[in-house]
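**Student:** Each chain, letter by letter, is given below.
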Amino acid sequence: SAVISQKPSRDICQRGTSLTIQCQVDSQVTMMFWYRQQPGQSLTLIATANQGSEATYESGFVIDKFPISRPNLTFSTLTVSNMSPEDSSIYLCSGSGQGAQYFGPGTRLTVL
Amino acid sequence: EDKVVQSPLSLVVHEGDTVTLNCSYEVTNFRSLLWYKQEKKAPTFLFMLTSSGIEKKSGRLSSILDKKELFSILNITATQTGDSAIYLCAAQLDSNYQLIWGAGTKLIIKP
Chain B
1 SAVISQKPSR
11 DICQRGTSLT
21 IQCQVDSQVT
31 MMFWYRQQPG
41 QSLTLIATAN
51 QGSEATYESG
61 FVIDKFPISR
71 PNLTFSTLTV
81 SNMSPEDSSI
91 YLCSGSGQGA
101 QYFGPGTRLT
111 VL
Chain F
113 EDKVVQSPLS
123 LVVHEGDTVT
133 LNCSYEVTNF
143 RSLLWYKQEK
153 KAPTFLFMLT
163 SSGIEKKSGR
173 LSSILDKKEL
183 FSILNITATQ
193 TGDSAIYLCA
203 AQLDSNYQLI
213 WGAGTKLIIK
223 P
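Residue numbers (the working numbering), protein chains in the order written: chain B, 1 to 112; chain F, 113 to 223.
In isolation and in its complexed conformation, chain F is listed as follows (with noise of 0.2 Å):
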């Protein structure tokens, strides 16, 4: 059975502190690993990885993909307050391009 798992679950550090998510994935037939972040409603887009040992940044993010040892890792240098949320990644399938999902890294930043 696909499934994708997230530790830790929950995680809650000082500003300034940088944050290491992690993500384990066993899925037949990937595609892609995409990391969103999510506030309220809906999950934002932050990266889609593809390839292993490239990695993809987005000013205090990053991320990096490996494909033999199924995992990735998005970090947060120098968090903020806004970086608290629910950090969601998901598998993409080939087939269909349907995501497996993870249950989340609830990360609160405290001021």
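Excised from the complex, chain B in its bound form (with noise of 0.2 Å):
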């Protein structure tokens, strides 16, 4: 199975502001995607990232907000811009090969 690490784990930010949040997978998969997940609900797809390329959104998430970076197979970031409280969430990173799809431990997200 494929080990997946995520930093920071956990954040307090302000308003306004921006953070990153960066993924690395121990071996290359074949797919990545990121995820939200707030409080009480199951997981929101929020992108498919690509390596070298544009990230692939759902609906309801744009670029300009979730900028979404794959430089190589494996490692990502997911920046969420000008935040507002209504961005408090964990934010997970996923990786995908033969099939499988497992996750790394979370990110945590509070925006006063």
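Calculated directly from the structure, the hints in this document are not laboratory data. In this text, all values refer to a predicted model and were calculated from it rather than measured experimentally. Every clue listed holds true.
Here are some, though not all, of the chain F residues that point toward chain B, as calculated from beta-carbon distances under 7 Å: (1) Ser144; (2) Lys153; (3) Ala154; (4) Pro155; (5) Phe157; (6) Met160; (7) Tyr209; (8) Trp213; (9) Ala215; (10) Gly216.
Note that the Cβ used here is the ideal one computed from N, Cα and C, for glycine as well.
Relying on the hints, combine the two individually framed chains into one complex.
**Tutor:** Dropping the structure here:
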């Protein structure tokens, strides 16, 4: 199974600022994804991170708000831009190789 | 519209009991069914089921998929307090490996 690390594990940010979350996998995976999980809810897919090209965003998520990079197979970043309290959530990256999808430990973001 | 439905939404049992969690799905372009355990932040992978009728086991946990009736079950025998968690199932799409998530079953094991 892939081991996925993510940082920071948590952060408290001020409204209007931006936070970049990093995700590293220890083996080459085919696909990398970014999710958000708001309190009491299931996971919502933000986007698929594509190596060397623009991410593929799901409905309701846009690049200006959630820019994503994936410069190589094993590393990706998600930026939460111009944050508001509604962005308070857990953000998770995941990697999929040979089908099974594994998750990083998550970043708990609180926006004041 | 693709959807995954889990039942029950919550379940409270006593330590030592056996529980069965249900997951039904309706997706186009189905590839596999995945089960996860979520305790704090990140979901922990349990099983991936691709073929019908083949049980997968890991200790006290087991799972099986029925692709004709479009459902899967997760069984936990001799439950322990450490089994308390939210159990999520997700249907994986063949086209892009994306997951369609169920709402989860919140399982509470009382000592």
